[in-house]
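A.B. asks: Take these sequences, add in the hints, and give me the full structure.
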Amino acid sequence: MNMLWLPFLVLVIRAEEQYFLLYSGTNDTFGTNGTIGTNGTNGTIGTTWDDARLYCQVCYKELATVTSRNVHLITQNLISDYWIGLRMSFNGSIPWSRWSNGDPVTYQNWYPGRPVPKKVIPKCSSTTQTPLSTLMTSPETTPVTTPMTSPETTPVTSPMTSTMTSGTPLVATTSNNTEDYCPLLTKILLCLNLSSDELDAQYYIHDPPQSTPIHPQTVTSSATTSSTASATPSSTHSVTTSGTPDNTSFSTTSFSTTGSPCSTEPDQVPDEYIEDACVALLSFGMWKEKQCYELLPFICYDERFFGDINVTNETSHEGYLYWSEGPGENISLYRVEVTGDHNQTFNETGLSKQIVNLTAGTRYNVQVFPVKCGRDLNPQNVSFYTKPSGVNNLTVERVTNDSVKLNWTKPEGNYDFYSIQVSSIFGTQKFETDVITGLIPGNKYNFKVIAIVNKTTEGTPSNVSTYTKPSRVSNLKSGNNDSEVITASWILPVGNASGYYYCIDVTNSTNNLTNSECNITTNMFIKVTGKTPGTKHCLSVVALTDDKNISGEMVQIDAYTIPNSVTLDLKSSNRTIEAKWNLTDNYDTFNVTIEPPDAEPVNIMYLNYTFTGLKAGVKYTITVVTLVRNGPKSSATTKSIYTLPTSPRLAKAFPLGSNAINLTWEAPEESEGASNITYEVTYSSAFWGNIKTMNVTSKYIHIENLTSGTRYDFNVCVVADHLKSDPAKTYAVTVPINKTLTFTMLCTTETPLYCGTKEARNDTINKLKNYITNQFNPIYIHWNLNENTGKDDGTMPTAKLGL
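My numbering puts the first residue of the sequence shown at 1, with every later residue one more than the last.
Hints listed in this document are in silico derivations from the structure and should not be mistaken for laboratory results. Do not take every clue at face value.
[Said to hold, decoys possible] Now the in silico label distances, taken between C-beta atoms and shown as ranges: (1) L656 with T693: 18 to 24 Å; (2) I425 with A636: 52 to 58 Å; (3) Y322 with T437: 42 to 48 Å; (4) W688 with A636: 50 to 56 Å; (5) N454 with G427: 23 to 29 Å; (6) E484 with N676: 36 to 42 Å; (7) T693 with E484: 50 to 56 Å.
[What the hints assert, rightly or not] Below 16 Å or equal to it, Euclidean Cα-Cα: the simulated EDC-like pairs (lysine to aspartate or glutamate) are: (8) K410 with E432; (9) K580 with D569; (10) K633 with D588; (11) K410 with E458; (12) K639 with D569.
Glycine included, every Cβ here is placed at the ideal spot set by N, Cα and C.
C.D. replies: What follows is the structure in structure tokens.
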């Protein structure tokens, strides 16, 4: 089967150790941070190794363990020999392999020749030797006597006491004359110039000084001796000390009766070899084994205690402490030391303490010392600040569109600085000044003022809220376009407003405000009805917030209702026009104009005006507009009228051949210079019965298609609407084209020969003349009559009519 070996890196983290030089179970010296102090004096009685270890376990961690890492710390201030935590047969079958805390021995610094090994001395045993009589005493029982027979059969009582027990020490006595040593040994003794008596004297175990251990350790003893004369005694004695006090056990004694006549029997030199030795650290740092019951100072070590201490529920005057439990079961109390502006000390058996009567905004340092066996362990440390108190009398001192100035009085206790948290619908900002700038007009802000210490420890907040002033409305303008309604609009350039407060006041002639009408609107326009036409008003608008005490800056303008139009009446002559009108509402002046501008426009306060110096026969338009001071105009009232026309001058007609006439005239004197005179021209022929009329604006006319030899009468009038001037009259006769008409008259009469008479001929001619004259009025038509009276033969005369 293949096996895969995986290497592991084991990281050992050791606690920080402290070492203490102690005398007789009292804490005479202390070491801190791995160093040793010295206050004891050499010659102090000290205690046994067992008592020293037990005391270290109770009040510290253990007897000191010496390693290459800490030897320089432990040995630098030694003034005596000290027990350390190493025992030959402790916690292992291999001597000197384990420290009392269970750690393996990785470092040794023995004094030269130490530790003394157990020696093996060859002896020749007597076949008559009897078993060794051994007395063994335990802490709980009385000594037990075991007979031990010498070659001379003299019983010897040998009390045997463990180095860990109280009672009579073990004394072993043998006869120098009952044992024969091997020849090899005799040669060795001769070489060393020693006798057998001197050799035996090395094996006496002297009585050690008595000690009273706090808790005895476990002891195991065994001895083996020969029961026959030919047997070689072989005995083994081991002491094992467990780490748990008050546990005692004993082994049985066994004897071996087999062996060679010359065997090797372990033997010890009483002044050198110690069966169950404990190590003492000499004053100069080297090691030496000693009897465990000797009284020596000792070195304990402890792991520096590191605990946690926390502070919760800090207020302005209180704080709640809780801390870690100290190590071991012998913590008698916890000493709490509070330092700050005033100091306090408490002895507590629990793991918490409510600290009261503190000053707001103050730093306090707290140390909690676990007290173990009267010794202060490493303190648990913490620092904390009490919360600062809240500021007093927080108020808003001044508000603008974009800033707020706060005011307050300093809090009780201490503080480092103030933090001002400004929150709104737009988020939260922090300031450290009482004047907060960069705010939005018309917005609500919550201000939280907090006193702070240690940069982060905040006190009780104090709060106040306010609105910034809304911005001033802009582009406020009135429509000024209705006689009974005022309309106005505006904009808010920046920020917010909950509404707008407006007032409309009537301004009288002395600019005093009367008849105020005020209201609130959420819109940015208004329409107010029921106003008097032609009235000047003062319109005021201000932006509002939900806090009625905070509003923006008021803006005012003039607002007007339009005055009503007049009812106009006109009356004219050939050179004047009189205008009259009526108006019952408010007005200041009237603007009266005429078109064409044959007179200057005027502004008058009266209800009539007469334009003079006008031109006759001209159409004029009169406009009247009602005005209010600096306000809008009314709708214009316009009406037209003609001045009365007058007759044209110097009308002349000129025939142009037999069928055309040119007619000219001049304008009336009253219309001279007018460009819009209309003339009516009428021409007629009485003979032919023709009448024609035409209107012209010029001062001449060319008329064609006329009849030759005919008189035409012309009337030229100035026409003004339905009015006409008296006509200017003239006439002209077209050039005749002559034609001859012959009349032959036949006379019949009842009177014979009457037709031949001269009287009859004349009468006929006269009748013809009368007839032609009646038929052809020479005023209207050109004609000429030539007569031939005939002969006296009685024939009738003839006549020729030329047309």
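A.B. asks: Taking the hints in turn, state whether each one holds.
C.D. replies: Comparing the hints with the structure gives:
{"no.": "1", "hint": "L656 with T693: 18 to 24 Å", "in the structure": "21 Å, holds"}
{"no.": "2", "hint": "I425 with A636: 52 to 58 Å", "in the structure": "53 Å, holds"}
{"no.": "3", "hint": "Y322 with T437: 42 to 48 Å", "in the structure": "45 Å, holds"}
{"no.": "4", "hint": "W688 with A636: 50 to 56 Å", "in the structure": "53 Å, holds"}
{"no.": "5", "hint": "N454 with G427: 23 to 29 Å", "in the structure": "26 Å, holds"}
{"no.": "6", "hint": "E484 with N676: 36 to 42 Å", "in the structure": "40 Å, holds"}
{"no.": "7", "hint": "T693 with E484: 50 to 56 Å", "in the structure": "52 Å, holds"}
{"no.": "8", "hint": "K410 with E432", "in the structure": "14 Å, holds"}
{"no.": "9", "hint": "K580 with D569", "in the structure": "5 Å, holds"}
{"no.": "10", "hint": "K633 with D588", "in the structure": "10 Å, holds"}
{"no.": "11", "hint": "K410 with E458", "in the structure": "14 Å, holds"}
{"no.": "12", "hint": "K639 with D569", "in the structure": "8 Å, holds"}
When held up to the earlier numbered hints, the structure conflicts with none and fits them all.
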